[in-house]
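Going down the list, the sequences are from chains R and V.
Residues in the first sequence are numbered from 1 upward in steps of one, following this note's numbering.
Residues in the second sequence are numbered from 1 upward in steps of one, following this note's numbering.
It is worth saying that the hints were derived from the structure and are not from the lab.
There's no promise every hint is true.
Reference listing, derived: stretches of chain V covered by chain R, where coverage requires no fewer than 3 residues with Cβ under 8 Å from a Cβ of chain R [what the hints assert, rightly or not]: (1) 2–11; (2) 15–26; (3) 43–55; (4) 84–94; (5) 97–106.
Label pairs and their calculated CB-CB ranges [claimed, not checked]: (6) V/Cys13 x R/Gly30: 31 to 41 Å; (7) V/Ile87 x R/Gly493: 29 to 39 Å; (8) R/Arg108 x V/Arg59: 43 to 53 Å; (9) V/Phe33 x R/Arg108: 25 to 35 Å; (10) V/Trp7 x R/Ser214: 17 to 27 Å.
The beta-carbon is built from N, C-alpha and C at its ideal position, and this holds for glycine as well.
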Amino acid sequence: MIYDIPLLLIVMSLISSVICSFSGDRFSRGLCIFLVSCSLLGNGTLAAHLLSGGQSVYYMMGHFPHPWGNELRLGMTESFMISFFSLVMLLILLGGGRSIREKTEKGRRGYYHALVCLIMGSLTVLCYTNDIFTGYVFIEISTLASAGILFSRGTGRSILASVRYMIFSLVGSGLFMMGLIILYAITGYLLMPELKESVCSLYSSGTYAMPLISSAALLSIGLAVKSGLFPFHIWMSDTYSEAAPASSAILSGLVCKGYIFLLMKIIRDVFGQDVYYGMGMNNVLFVFGVLGVIVGSVSAIREDDIFRMLAFSSACQIGYVYMAAGISPLAGTAAALYQMFAHSAVKPSLFLSSDVLCACRGDSRHFSDLTGAGYSVPLAGIVFTAGALSMIGVPATMGFVSKCLMGGAALAASDIKKYTVLGVIALSTLLNTLYFARTVIRIYTYKDPPRAGRAGTEAQKAFAVPGTVFALLNLSMGIFASFLTRVSEKFAGIL
Amino acid sequence: MNLQSVWDARVQCAAVVLFAVGFSSLLLHRNLFKKIIGLNIMETASYLFLTATGYIRGRTAPIVTGSAAEAAKYVNPLPAGLVLTGIVVSVSFTAVMLSLMIRLYREYRTLDLDEIYELVHSDPKEGRA
Chain R
1 MIYDIPLLLI VMSLISSVIC SFSGDRFSRG LCIFLVSCSL LGNGTLAAHL
51 LSGGQSVYYM MGHFPHPWGN ELRLGMTESF MISFFSLVML LILLGGGRSI
101 REKTEKGRRG YYHALVCLIM GSLTVLCYTN DIFTGYVFIE ISTLASAGIL
151 FSRGTGRSIL ASVRYMIFSL VGSGLFMMGL IILYAITGYL LMPELKESVC
201 SLYSSGTYAM PLISSAALLS IGLAVKSGLF PFHIWMSDTY SEAAPASSAI
251 LSGLVCKGYI FLLMKIIRDV FGQDVYYGMG MNNVLFVFGV LGVIVGSVSA
301 IREDDIFRML AFSSACQIGY VYMAAGISPL AGTAAALYQM FAHSAVKPSL
351 FLSSDVLCAC RGDSRHFSDL TGAGYSVPLA GIVFTAGALS MIGVPATMGF
401 VSKCLMGGAA LAASDIKKYT VLGVIALSTL LNTLYFARTV IRIYTYKDPP
451 RAGRAGTEAQ KAFAVPGTVF ALLNLSMGIF ASFLTRVSEK FAGIL
Chain V
1 MNLQSVWDAR VQCAAVVLFA VGFSSLLLHR NLFKKIIGLN IMETASYLFL
51 TATGYIRGRT APIVTGSAAE AAKYVNPLPA GLVLTGIVVS VSFTAVMLSL
101 MIRLYREYRT LDLDEIYELV HSDPKEGRA
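One chain only, chain V, in its complex shape:
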């Protein structure tokens, strides 16, 4: 792998870095809200990767006005469709996670997952059934 190929795929490289950032904050952060932000960074990074891969310099969106024979002028529309579907999925996940976060905050008055664990295990009312 030489430097030129890295430079050609710079957007993809950035996407992979962003993915790693999002992934690690989703997995390692103690604060639930920051976990959700990490989730969004991770998902957005994968859409960036997909969009960058689907884009070919010098070609346009596949809106065919003249003859359909010049297929080489257009890019594949499928990656954009996949990104749209993916966005729908991640929006619904974010919504559910945020609503669960609100429920947890109402119950325990904190968003720190470690503190919530401690509260849960020290609360006799909620003691293991």
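Just chain R, same shape as in the assembly:
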């Protein structure tokens, strides 16, 4: 019974998205929040069951057993990952209600919530699927749905930003599709365990070496393009600054992470870490990750729009994930997974708290207008500061633990990687401190007597509970890091 939960949740999200698209603003919001809470509860129960020693299973979908049919893999990390995603999504929906209300047309919010349900469903599938083609289909569904929540604002600029996102995303999908087809052509399977067996025997016998490498490269590059790795991060700045902050939070905190998680599953379950790292494909991820960290940080410094700055900071953080994954198969993968947790918990809180900070300044996003905003809406200021500290990597935050794990993984790696990673972490910490400290100092520079305005007060009131939970999540997971670290290490195969 407990193993039926994921399938039930997937079906529920698809049905609720249909219902949402027909229903009114308030009902659809309620349904959407209900769905995400169910997902949190259901996946959380499964994760607790698996954490306390329950058996991971392959759940058969339909009537055909493997290697022909379709399957879900109900494992510990998968269920924990999606529970974490559901928690973040719930907090975004609760805390970002204002931005959804103001940035979408009245009477059309049902569509927005329908798309959020679809994103939730496709994230569930991306986490659980054991079939690589099902992964492809749901990648596309989540791309379409996230493009939808980006242009929901309806302005010319947001449509343009959304078109730009779609173009990059489609390039990524095309590459992924081609990689998938080549892999299917040389192995004849779509289910991950069979693929892995077949790939291992092909790799050791040396047959189809070229197609095997090209399919690994195409699958990795395709997903990297979609998740916004350098140099394909350029859509982020326009997209995140034009969309409603809740949409940016969903996209940067959850959708991009869903793609990366699928890539990590493909590395572990399709190619196997030995083959993938043996082919040297990780070095490609490593190089682009390093470049992404540096370019993202440098671009963020030049911005005077707080949302564009956060967008480039996302590019930098995603660079970290790929850099960590490129270091080494075991410790590196664990660090990458922890970095994913850290970023998906912290970046949404930054987007939403910035929205509240901007709300009390007449929705202006320029640094010059945000002077003293931290006094007008104190809670948003605190949440923003907690997030900023985590992005910098100050101890007692999640960002610190992820940088620690990355450094630890690098120490065991080859000399070039060791010094590169340590240097990049040092440099990027410095750059992150520059632009986040600049923002924090700006919002806490006392100018006039604090004025929040009605919009600011209301925005802060709605943000109070989710904002506090975000900040507590960040600090508690940073201080009691051993739990998340253990989950990440279990995924990587260390434990």
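Please arrange chain V on chain R, whose structure you already have, making use of the hints.
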């Protein structure tokens, strides 16, 4: 790799060329409509590749009339199923892209993405919020 193996895989080679054509026009063309056409060429090329790989000369579609024992007479039906699913995906993408294109054209009266960027950044009404 000798010439014979290239000739045997000629359809796949053509598909890869088409894929490259579609891919580069999706990425590099300035006109949005041509980008969408590029997208369709790219996706169709990958279906062609998949179909060509799934086809085995001398075998027929797996519609079993007699005994099921002669599996060697039939081709694998799965590639065709994958192509169908893929077509559904690309049709929905094309539809969404075309509708966004219409919205952009109504707003800016041009399909040239560079011109739209210029219009967006010079328009004070739409100036950065």
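task = Hints the structure violates: just list their numbers, smallest first.
result = 1, 6
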